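Those protein sequences? They're chains A and B, same order as listed.
If you count the first sequence from 1, position 398 lands on 398 in this note's numbering, and the numbers rise without skipping.
If you count the second sequence from 1, position 338 lands on 338 in this note's numbering, and the numbers rise without skipping.
Hints are computed from structural coordinates only; laboratory data are not their basis.
In this text the structure is predicted, and so the values were computed from the model without any measurement.
Hints are all accurate, no fakes.
Note that the list lumps identical chains together, so a pair holds whenever it fits in one copy or between two copies.
Here are the computed lysine-lysine pairs in the DSS-like style, where the Cα-Cα straight-line distance is at most 30 Å:
hint : residue 1 : residue 2
1    : K197      : K230
2    : K307      : K323
3    : K145      : K197
4    : K234      : K141
5    : K141      : K159
6    : K159      : K145
7    : K396      : K412
8    : K323      : K297
2 protein chains.
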Amino acid sequence: MTKSENIITPKSFLERGVAEVIVKKEFQKLLENTKQAPLRLKMGFDPSAPDLHLGHAVGLRKLRQLQDMGHKVIVIVGDWTAQIGDPSGKSATRPMLTKEQVESNAKTYLSQFFKIVNKDQTEVRLQSDWFGKFTLADVIKLTSKFTVAQFLARDDFAKRFRENQPIAITELLYPLLQAYDSIEINSDIEFGGTDQKFNLLVGRELQGIMGYRQQQCLLVPILPGTDGVKKMSKSLNNHIALSETPTEMFTKIMRIPDFAKEHKDTNREIHNDSIYIDGQKSMIILYLELLTDTPQKDLMEINQAIKSHSVNPIEIKKLLAKKIITEIHDKNQAIIAEKNFQNIVQHRVIPDDIKIYNLSNLPNIKSISLQKFLVEIKLANSSSEAKRLITQNAVKLNEATLDSSFKPSTIKSGNIIRVGRKLIMKFR
Amino acid sequence: MTKSENIITPKSFLERGVAEVIVKKEFQKLLENTKQAPLRLKMGFDPSAPDLHLGHAVGLRKLRQLQDMGHKVIVIVGDWTAQIGDPSGKSATRPMLTKEQVESNAKTYLSQFFKIVNKDQTEVRLQSDWFGKFTLADVIKLTSKFTVAQFLARDDFAKRFRENQPIAITELLYPLLQAYDSIEINSDIEFGGTDQKFNLLVGRELQGIMGYRQQQCLLVPILPGTDGVKKMSKSLNNHIALSETPTEMFTKIMRIPDFAKEHKDTNREIHNDSIYIDGQKSMIILYLELLTDTPQKDLMEINQAIKSHSVNPIEIKKLLAKKIITEIHDKNQAIIAEKNFQNIVQHRVIPDDIKIYNLSNLPNIKSISLQKFLVEIKLANSSSEAKRLITQNAVKLNEATLDSSFKPSTIKSGNIIRVGRKLIMKFR
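For reference, chain A alone in the conformation it holds in the complex (with noise of 0.2 Å):
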């Protein structure tokens, strides 16, 4: 991402892409003060799921948008709290990560991360700095400071609770030690979904109850994903990946639905009125706001053009899918992305930046079923599925169709295999 076009003041900061703050006029009043030392802005990451997607977009361009104000951000590597896990209700503990595996992971992660948030602006530090030090004093210390109630009146905790769901006492300690993160690296604000607003807060009364000068909290709302219901997320397989290549990008852009069904997790107290149309929320144009710098008073105008139909949506949907991809990758990739995906949708050309597979990946290739191979490769999301795409003719090998009995050890090197339209792939 490269800075923004239009000049963002500590006002228009919060006009745009943001749920709620906390506390906005004490926000304001940080954010105006110019002769303010950079803030220091916390942002957290969980190590064990390190793939980034739009999703995620939304809060990170507004770190952005803060570090082009000429403030700092601090990535906090959750190696810690990862161990927990944000309670819910599965297990309550996973087992702690390796060092490499938070190191890979940290790099994975970065790359996508700094594809929007500027790493000239950015100190990243790892929990276990502190954490691996800490003794049972210290967390005898930090308990006391808050109190069971004050926690299972946490919306999610209060639920389980009130269903007679397992709570494990460890899962307490997740906001505590978050919240202990603010102190060890001295956060003016902290940015994180609507759904993460119990956490920051305990790291904003933390540091009142330490002496700290308190962080403000900016909470983003929540980008629902692809199937215009759901929050965005990998588990639900509505999301679209910072690592995706620009054509798989544009393409799953341009499938996105023209309006929301209401998803939950909303959760705004500053709302951009553009985003309505009819009393219908227009995925594009909340697309365009959350993900792209689009001015306000265009915004204004693509929804009346959508309501008065002066427009076909598709062309708004290129413009966005173009936008995106211009800011996460460039606009050459943007033009390209545009192009490959009308080959494949209409004249299913295979596109230049087609993903690569390498067989050697494999080795029980000769062991496996075509079906299982569709879900080791990542074509199918299940074994079902898989079984599914094959009995619709839906699978093709250089455009020859498979059954079942396919043995895919037989592929070669610079095969191509697609399933349906969209998912495509190139051996090696």
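Got chain A sorted already, so can you dock chain B onto it with the hints?
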């Protein structure tokens, strides 16, 4: 305490001075297995409260009985749990005791402890041996094994949570740390009052989860204090301390009421019928049951004798006092105590084992009033009590009545102060 004259068998052990055993059948089997290596009997101790009284003696006597069967006591100096404090709703954490304070308090505690428990069959362990090097990873492992709901089900937590009284997250750690002690010392049986049931069970459960043989939990009855109403406790001043002189002990025992008003802490599953006379609980027989080896059939005879008025309860109290003092001190001291008691009460004579107060402990003696002086030397519990005693002409120095204008700085070494009939002290 010397070895009991009555031979205690695994069966008779459980019939006396026991409120509840978890699990009774397993416990009996454990005791009956004579090929068993010495069992490890866990006994926790709070080093911030090193003063033992007869209420503690109930459990210590059971420990001693098991020692007499060949088993071993492990005293745990709770220098880490003391920091948290057993949840009481007052304050979440207390400052960590210094190493010197812990050592000094442990010395005080053990000197009283070994009046009942056999020193040669006792091992003393400090929590700091393991918690001093406890890491955040250890805390995460430990807290992951239990849920918030499990802990909030504990009576006192449940009550406080229901009544919106704050429970610090730290307080949930208390039972966990105490439970972990059982792992470190590999305990076979843990001892505690009925109010400790929850904590003991957490220890048992943790051992099971971590693949150890689960400890048995022996809950001893709570002894009512000298008021016959509430649990014996130093803070309620209804206690008889093990460190008191034989004469003080004798006097206090003689003043217990004949019958207890039911105190709510009693929570016995294993009852002893001999303590009930016409539905009332005899304090005298209860003390005989829990604090002496008086055979069960003698308890029944005493019960009948009191019921039929064929004996004066005062005689049974004297018997009780002598038995207790014989056990904690020796037979000769018991005889002297009885003689002193009679002299003080009947003839106002100074006993041989009078308490000594060193005037040099009170450097500000020149500036304080008689009222404040009585509180300082602990002959009055409060300033208002001191005032009342002075008004009632109950305070005498060398048998001369003192009024409120008396200057404590005129007291000389060798002077004897008396408050009412029972509190008496010599100055040095």
